[in-house]
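**Student:** Below are the chains, spelled out letter by letter.
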Amino acid sequence: MILALEEVVCGYGGGDVLQGLDLVVERGSITCIVGPNGAGKSTVLRAVSGILRPRLGRIQLEDTDITHARPHEVLSLGIVQVPQSNGIFPQMTVRENVLMGGYPLRRDRELLKRRYAEVSELFPIVRERGPERAGNLSGGQRRMIEFARSLMVNPKLVLLDEPSLGLDPKSLKAVFDNVALMNEAGKTILLVEQNVRIGLGAATHAVVMESGRVRLYGTSREILDHPEIAELYLGGHVARDAAPA
Amino acid sequence: MTGVIQTIVLGVLLGGVYALAASGLTLVFGVMNIINVAHGAMLILAAYLTFAIWTHTGLDPILAALITTPAMFGLGWLIYQLLIRRIRQAPASTSVLLTFAIALMIEGIIGLIWKGVFRAVTPGYFNDSVKVGSIYLPTARLYACVTAIAILVLLWLLLTRTWAGRAIRASSQNPQGAMLMGVDVASVAALTFAIGVATTGAGGSLISVLYPFFPASHYQWISRLLGIIVLGGMGNLTGAVVGALLMGVAENICAVYISVQWVTAVPYVVIFAVLLLRPRGLLGARTREDVAPA
Numbered sequence: 138m139i140l141a142l143e144e145v146v147c148g149y150g151g152g153d154v155l156q157g158l159d160l161v162v163e164r165g166s167i168t169c170i171v172g173p174n175g176a177g178k179s180t181v182l183r184a185v186s187g188i189l190r191p192r193l194g195r196i197q198l199e200d201t202d203i204t205h206a207r208p209h210e211v212l213s214l215g216i217v218q219v220p221q222s223n224g225i226f227p228q229m230t231v232r233e234n235v236l237m238g239g240y241p242l243r244r245d246r247e248l249l250k251r252r253y254a255e256v257s258e259l260f261p262i263v264r265e266r267g268p269e270r271a272g273n274l275s276g277g278q279r280r281m282i283e284f285a286r287s288l289m290v291n292p293k294l295v296l297l298d299e300p301s302l303g304l305d306p307k308s309l310k311a312v313f314d315n316v317a318l319m320n321e322a323g324k325t326i327l328l329v330e331q332n333v334r335i336g337l338g339a340a341t342h343a344v345v346m347e348s349g350r351v352r353l354y355g356t357s358r359e360i361l362d363h364p365e366i367a368e369l370y371l372g373g374h375v376a377r378d379a380a381p382a
Numbered sequence: 075m076t077g078v079i080q081t082i083v084l085g086v087l088l089g090g091v092y093a094l095a096a097s098g099l100t101l102v103f104g105v106m107n108i109i110n111v112a113h114g115a116m117l118i119l120a121a122y123l124t125f126a127i128w129t130h131t132g133l134d135p136i137l138a139a140l141i142t143t144p145a146m147f148g149l150g151w152l153i154y155q156l157l158i159r160r161i162r163q164a165p166a167s168t169s170v171l172l173t174f175a176i177a178l179m180i181e182g183i184i185g186l187i188w189k190g191v192f193r194a195v196t197p198g199y200f201n202d203s204v205k206v207g208s209i210y211l212p213t214a215r216l217y218a219c220v221t222a223i224a225i226l227v228l229l230w231l232l233l234t235r236t237w238a239g240r241a242i243r244a245s246s247q248n249p250q251g252a253m254l255m256g257v258d259v260a261s262v263a264a265l266t267f268a269i270g271v272a273t274t275g276a277g278g279s280l281i282s283v284l285y286p287f288f289p290a291s292h293y294q295w296i297s298r299l300l301g302i303i304v305l306g307g308m309g310n311l312t313g314a315v316v317g318a319l320l321m322g323v324a325e326n327i328c329a330v331y332i333s334v335q336w337v338t339a340v341p342y343v344v345i346f347a348v349l350l351l352r353p354r355g356l357l358g359a360r361t362r363e364d365v366a367p368a
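So the protein lines, in turn, are chains A and B.
The numbering of the first sequence is the numbering used here, which starts it at 138 and goes up by one.
The numbering of the second sequence is the numbering used here, which starts it at 75 and goes up by one.
It is worth saying that the hints were derived from the structure and are not from the lab.
Bear in mind the structure is a predicted one, so any value in this text is a computation, not a measurement.
Now the in silico label distances, taken between C-beta atoms and shown as ranges: (1) A:Y149 - B:L186: 45 to 55 Å; (2) A:Q331 - B:R354: 24 to 34 Å; (3) A:E247 - B:K189: 52 to 62 Å.
Ideal placement from N, C-alpha and C gives every residue a C-beta, glycine not left out.
Produce the entire structure from the sequences given, and follow the hints as far as they go.
**Tutor:** Have a look at this one:
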């Protein structure tokens, strides 16, 4: 286990969105949270990354309690979040965008340089489009830059909020290929996905949320094969068709 | 022909100083979405501080920027912590009301200390000029413009070559994205506001040798500076420089070829024309519109 949420209650001031949520993320997994709109999927990521502070409950990264940690503290512990959309800095260059991912390392120039080289190796777009303004990139390319940027701090856990949002099929495939790539590079991935078929197809583990609580948890195959889930989210028999993206 | 070139050159020299004065205003708007209507009053306050330093110590008014800039930085920090911080989440219109109140307070305080009469700072070189070819460059305006450009270059280096500058730019473009990168967005906002106000320190010292001033001069200055940043593109530093140079030249052409009395109308005409023809300004941000904006 790398991350555990216990009885977490959290919201935006107008009421609690998460209502006693229990969730475990296994080390090395790609865990996908699915559920209907308003279930609290993105709120889970915001609570983990420190943007929202839980009112009750406990969030633990390995042996460290991060329940009340601020975003920069969470980042320094090795959790990085790629937000739902518009994560880039559009007026800055691609290179500057990726370098901003290394903001916590800014005092160690050598390490920053090395990380940038590693990330450019993994995501060639960083090298190819480095001097261009990030605002000129397409949605899929922006996602690549956000992924590349998230790896600058060499995180243990990457939180991805709806990586498929607004992407065409070709970009979608490239994005999920890179999710798999990051996972192969040793990163645990916790992703929220509205597109259940794609999300579960890419994941090793799955969480189904409803009304701020976990309804089901298991391997993605178990969830895909669950008759209720197939009926509710996948329109019947599609579970057998769901192929990894 | 020489007359036209002379007019343009004088306008450019003036525009250089306007650029420095407008840079802080556009920076604060770009990063914090705050329209600091008190920016003009702060500029006039710095001019009065320069006047006080010059009359009491005889220190050159342009060198006095070394004192007024950190002093205004401190004032900016204080105003942010006491007042601006409380309206960070409010719409930009709230910032107009609050900073207008600050402007009135500053105007009142200046009136109490220095009285409501015109003051002017006239160093020894005030009436001198340098001749380059057939063009005369007034020494005070030349020194002020060179100093303003030097400070703008330092500001540009700060924003583009340092981590503090990158954090400021990132926060201006995408506050939540910056927060997720580990940037303490609240501290960056305080720093940005203080830097924005610090530019009025240097700017005020420079304008004190160019124009006479009195407590209510800030109304004219804030109109001019708003005209400049609307023309250049709100929140865009390069746009502010371009807008300032154009405004300086336009004002000078108006003064020479139309009437000095019409110069105060130039910023309003500019604001009107820009909002009508190109609302995002000359260099306002434009990115791919097929992708959701940040």
